[in-house]
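Using the working numbering, read the sequence shown as starting at 1 and increasing by one per residue.
Because the hints were derived from the structure by calculation, they are not lab data.
Fair warning: this is a prediction, and the values are worked out from it, not measured in the lab.
Check before you lean on any hint, since a few could be wrong.
Below, in silico cross-link-like pairs of lysine to aspartate or glutamate (DMTMM-like), each with a Cα-Cα straight-line distance of 25 Å or less [to be verified]:
| no. | residue 1 | residue 2 |
| --- | --- | --- |
| 1 | Lys59 | Glu37 |
| 2 | Lys266 | Glu201 |
| 3 | Lys213 | Glu201 |
| 4 | Lys280 | Glu261 |
| 5 | Lys266 | Glu234 |
| 6 | Lys213 | Glu37 |
| 7 | Lys280 | Glu95 |
| 8 | Lys148 | Glu202 |
| 9 | Lys59 | Asp131 |
| 10 | Lys187 | Glu261 |
| 11 | Lys148 | Glu261 |
| 12 | Lys61 | Glu234 |
| 13 | Lys271 | Glu95 |
| 14 | Lys213 | Asp288 |
| 15 | Lys148 | Asp131 |
| 16 | Lys228 | Glu185 |
| 17 | Lys213 | Asp57 |
| 18 | Lys280 | Glu255 |
| 19 | Lys213 | Glu182 |
| 20 | Lys228 | Asp189 |
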Amino acid sequence: MPPNSDGFYKESNVMYDNYPRDGFLLVRQAIPPADLEPLRACIHRQVGIYANEMFSDGKIKDPFPNLPFGQRLAALHRENEIRLRSWNQPALGPELHQLIQHPGIVDALDPLLGPNISFNGDYHLRPKMPDSELTAFPLHQDSQYYGKQSRHAHIITVWIPLVDVDEVNGCLYLIPGSNAWELIESKRDKNMNMRSFQDPEERGTPVPMPMNKGDILLFSNMTFHGSKVNHTDEVRWSIDIRYCRTPGTYTAPPEVLAGEEFMRAKLERTKRPPFVVRGKGAGSTYADWQAAFEALLA
């Protein structure tokens, strides 16, 4: 969905020019909330399997079969501390494959990445547990995790809440304009979170991003972002999916090409196959994605 002459997406009021300035872009109701239900149902089923396994192993007294999405994993957490930061395997299925290439996401990416767009293979399902410091993320740049070679690459994270989020249950905070900063040196703390050697709040003020189901938030690998403790009694579920320009379809300075090749090779080593979501090479099926996983694991 290209922008019109006023700088807005057609049929919307999203200012795409804000992205290079701020390092992020909030798109309201890019995805009809009903389109999130297949993935939510998939996760709910997997939580049920997980609960029954814990019950069979004697780790919990009650698997809470009648609790709805958002409450069941929280109830298990109250009975038995669950140290979950990212829980990817339960989301891996045709429901996720369908969401990755959802037109609402790809249309929002088009003005930022161009006509040839790929899912780069990296995604994270995030259950932010109630009152858990482990699932609160300090302000960070994603390239601090990827490695300094990625700092010149352009990788866009699309952050998708699977429940409504606010400052109480742990919405994201971002520092506008921090995408233009250099990569800040950092190291991992006891929870394996990256901690910057310089306090990013000395250079910019984080702003909260309350969102509803159906909203999406796009931000770059250099944009400082984080989230705080979930102070509710339900799990704050979200998923973040990473996108890039399809390799071989564009020209860029050598340092950009080198950074993007570094990321491609890194994700291949960690067995995370990409696929094209728009443009040359698009049309991947879930069976194709499964075959790519099997080839990497062979």
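Structure-based check of all given hints:
{"no.": "1", "hint": "Lys59 to Glu37", "in the structure": "30 Å, violated"}
{"no.": "2", "hint": "Lys266 to Glu201", "in the structure": "30 Å, violated"}
{"no.": "3", "hint": "Lys213 to Glu201", "in the structure": "29 Å, violated"}
{"no.": "4", "hint": "Lys280 to Glu261", "in the structure": "18 Å, holds"}
{"no.": "5", "hint": "Lys266 to Glu234", "in the structure": "35 Å, violated"}
{"no.": "6", "hint": "Lys213 to Glu37", "in the structure": "10 Å, holds"}
{"no.": "7", "hint": "Lys280 to Glu95", "in the structure": "23 Å, holds"}
{"no.": "8", "hint": "Lys148 to Glu202", "in the structure": "22 Å, holds"}
{"no.": "9", "hint": "Lys59 to Asp131", "in the structure": "21 Å, holds"}
{"no.": "10", "hint": "Lys187 to Glu261", "in the structure": "24 Å, holds"}
{"no.": "11", "hint": "Lys148 to Glu261", "in the structure": "13 Å, holds"}
{"no.": "12", "hint": "Lys61 to Glu234", "in the structure": "19 Å, holds"}
{"no.": "13", "hint": "Lys271 to Glu95", "in the structure": "20 Å, holds"}
{"no.": "14", "hint": "Lys213 to Asp288", "in the structure": "29 Å, violated"}
{"no.": "15", "hint": "Lys148 to Asp131", "in the structure": "32 Å, violated"}
{"no.": "16", "hint": "Lys228 to Glu185", "in the structure": "22 Å, holds"}
{"no.": "17", "hint": "Lys213 to Asp57", "in the structure": "35 Å, violated"}
{"no.": "18", "hint": "Lys280 to Glu255", "in the structure": "24 Å, holds"}
{"no.": "19", "hint": "Lys213 to Glu182", "in the structure": "33 Å, violated"}
{"no.": "20", "hint": "Lys228 to Asp189", "in the structure": "16 Å, holds"}
Violation of the numbered hints given earlier is confined to hints 1, 2, 3, 5, 14, 15, 17 and 19; the remaining hints are satisfied by the structure.
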